[in-house]
Amino acid sequence: MSATSMETSRYTWGADEHLVVQLSESMSLRANFQAMAIGSDLKAQNIAGITDIYPGNASFLVRFNPDEIDPYEVEKIVRAAEMRLADGAVRGIETRICEVPVWYNDPYTNETGSRFRDRHQAPDMTDLEFAAAQNNLPSVEAFIEAHAGAPWITSMLGFVAGLPWFFQMVPQERQLQVPKYVRPRTDTPKQTIGHGGCFSAIYSVRGAGGYQMFGITPVPIYDPENKLPDFAETMIFFRPGDIVKFRAIDEPEYRAIEAAVEARTYRYKQAPVSFVLEEYEASPDLYNEKLIGALNAS
Amino acid sequence: MPVEIIEPGLATSIQDLGRQGFYNVGIPPSGAVDRYAAIAANILVGNGPGEAVFESTYMGPKLCFTEPGVVAVTGAQAPVFINGTAAPSWESLQVAAGDVLSFGIFTAGARVYIAVAGGLNVPIVLGSRSHYALGAIGGFEGRNLLAGDSIPIGQLAGTPGRAVPEDMRPVHSREVDVRIVLGLYDFRLSENGLSALIDKPWQLTTVADRIGFRYAGNTLEWVPREQPFGAGSDPSNITDAPYPVGSIQVPAGTEPIILHRDAVSGGGYAQVGTVISADMDLVGQSSPGTKTKFRPVSIDEALDARRKYMDRQRKLIQLW
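Quick note, the sequences are listed as chains A and B, same order. Note that this note's numbering numbers the first sequence so that position 184 is 184, with each residue one more than the last. Note that this note's numbering numbers the second sequence so that position 46 is 46, with each residue one more than the last.
It should be emphasised that the hints constitute simulated quantities derived from the structure, not laboratory data. Since the structure is predicted, the reported quantities are computational estimates derived from the model, not experimental observations. One or more hints might be untrue.
[Claimed, not checked] With beta-carbon atoms standing in for the labels, derived distance ranges:
1) Arg117/A to Ser173/B: 34 to 42 Å
2) Arg117/A to Gly84/B: 47 to 55 Å
3) Glu145/A to Lys200/B: 48 to 56 Å
4) Gly217/B to Asp67/A: 33 to 41 Å
5) Thr8/A to Gly21/B: 24 to 32 Å
6) Lys62/B to Ser298/A: 53 to 61 Å
7) Gln313/B to Lys76/A: 25 to 33 Å
8) Thr265/A to Pro123/B: 23 to 31 Å
9) Lys62/B to Lys227/A: 29 to 37 Å
10) Ala48/A to Ser190/B: 40 to 48 Å
11) Gly49/A to Met168/B: 25 to 33 Å
[To be verified] Taking lysine to any residue pairs in the SDA-like style, the calculated list, with each CA pair at most 20 Å apart, reads:
12) Lys315/B to Pro66/A
13) Lys190/A to Gly142/B
14) Lys190/A to Ala136/B
15) Lys76/A to Ser298/B
16) Lys227/A to Pro123/B
17) Lys308/B to Asp67/A
18) Lys308/B to Pro296/B
19) Lys43/A to Gly21/B
20) Lys43/A to Glu75/A
21) Lys227/A to Leu126/B
22) Lys43/A to Leu126/B
23) Lys190/A to Arg143/B
24) Lys308/B to Pro66/A
25) Lys227/A to Ile124/B
26) Lys76/A to Asp300/B
27) Lys315/B to Asp67/A
28) Lys227/A to Gly142/B
Don't be surprised by glycine CBs; every beta carbon is placed ideally from N, CA and C.
Bound conformation, chain A alone:
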């Protein structure tokens, strides 16, 4: 991760109910941390008339009720928060690392992919074959190894209820980049591991989607009925800043975890960690090993 200075932020209205601030056109961990910090700052201010504060990957959205607060007042408040939390003011976060088991190259996402080849850049390849080729990797296996190797950080939530975006914690030249589908699919299996641009995501529910599909996890990430122990206090598992390690599993393990989920006994493997941006940037691979060590010791 290069520590180049932030581009100038850009303020723009989403008509009369939204202010959108783009901190950076490109993705970086620093832009993401700044978005999260501004979001927390605004939330703590508890401003009447501001209904939603939504930090994104490298931007954030504020939704307000213009009957209760003047939009220009919202802009003033947001600019002040951005000034306070300029690049460099955010050093790290207290968070956790969680393991997500993934059956890569599974029949469910492959079947779905085969139904939408007319919307894909490379109709003769599978999504995984296309992704490997796009990243100059020799095989699908090599791509999966890179995807499941280094951990990812939850940089944004949304699209649909509880869907996390993940940004891989590797130097920019090792980031996996794949274009989104040319036209979005109308179907994606629930709990698909998808990827678009530099982001991976887990589809929390079945539905439309434009990300390339690499695999599927048997573990729910959205549980509106609070069936699993990890969802006792929330219907949404991931929070911004959560660090995630994917682990490749085979069909027998997928079925075994599926059964544990069905029996409501499955627990996420997770451990609390402190994430310090500068320490990570000084030596990403060593830092990641330390994080994964904390996970495996849990």
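Place chain B on chain A using the hints.
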């Protein structure tokens, strides 16, 4: 007094005025697509403006009242029947136990609202009774209604015999002007691209639901650029970001999609503007094929339009 669903229509869900504060985890506001019509239906039967009502798209349901009550239908223009006999919409009607409410073919507009005195008494989820389909929460058991469902109703005698004055009933047209505030990522459009967006008419496709309304007719051209890191390679791609409710995104530059009240909350397609809040009901009542022009206005014009829209809502609420 439960209401029994005999036939659900094409897509009938339970909606109030929606929830706030969960957009950052991907849960949109939801709530009635046509808020004015939902408020009108509630006010007619004697409810507060924000009670839960039925919202039916393109085709009305067939409902049976198990006890006497008061009902009102608003929204799309459609023949309304009680026990097969024509009944007026935009008026509150007394119904007896066993009475059946049904609909004919919609003649204009896309969604009808049915309020029952006492409100539809489904559980409140995250602050609202509104159904959010993608997340399978709210409404009746987190889903659209099915034949045989029995919907509980709150206790209220209700007020039959009320009628919204003619001039306060919106008329739905097959040709509409939708006001938008340009912005967000509109700098990605070339001059020709912007002109194609706002100078030429679009047609609403059949992909038009609570999540989004997709239009066709023109192609938008983008300014060529080297894509920023993380965005993806198509010129319509951006680094994934939150989407305003009402924003217009254009995947691949071909079919603009207006996100509506069940909006997907974020993603990687450039949005080129946002429908003003005062025109969201108008979009919501557009039926497929509706010829639509996007008319750019300033943020101050959008705020002025909202004040007028809120005045109309207030006037409605103050009728009784």
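Pairwise hint evaluation, Asp67/A against Lys308/B, where the allowed Cα distance is 20 Å at most: 12 Å, holds
Verdict for Arg117/A, Gly84/B (Cβ pair) under range 47 to 55 Å: About 50 Å separates the Cβ atoms of Arg117/A and Gly84/B, which means 47 to 55 Å holds.
Cβ separation of Gly49/A and Met168/B, checked against the hinted range 25 to 33 Å: Given range 25 to 33 Å: holds, Cβ gap about 28 Å.
Straight-line alpha-carbon gap Lys43/A to Glu75/A, limit 20 Å: Cα-Cα ~15 Å, so holds.
Outcome for the supplied range 53 to 61 Å, where the beta carbon pair is Lys62/B and Ser298/A: 56 Å, holds
Gln313/B paired with Lys76/A, Cβ distance criterion 25 to 33 Å: This hint holds: roughly 28 Å between Cβ atoms.
Status of the given 48 to 56 Å range, CB of Lys200/B versus CB of Glu145/A: Taking Cβ atoms as reference, Glu145/A and Lys200/B lie about 49 Å apart, which means the hint holds.
Satisfaction of hint between Leu126/B and Lys227/A, Cα-Cα up to 20 Å: 17 Å, holds
Pair hint outcome, Lys227/A versus Pro123/B [Cα-Cα no greater than 20 Å]: Judged against 20 Å, a Cα distance of about 18 Å means the pair holds.
Cβ separation of Thr8/A and Gly21/B, checked against the hinted range 24 to 32 Å: 30 Å, holds
20 Å Cα cutoff - pair Lys76/A, Ser298/B: 19 Å, holds
Given hint Arg143/B paired with Lys190/A - CA-CA distance at most 20 Å: Holds - the C-alpha atoms of Arg143/B and Lys190/A are around 17 Å apart, at most 20 Å.
In the structure shown, no violation is registered for any of the earlier numbered hints.
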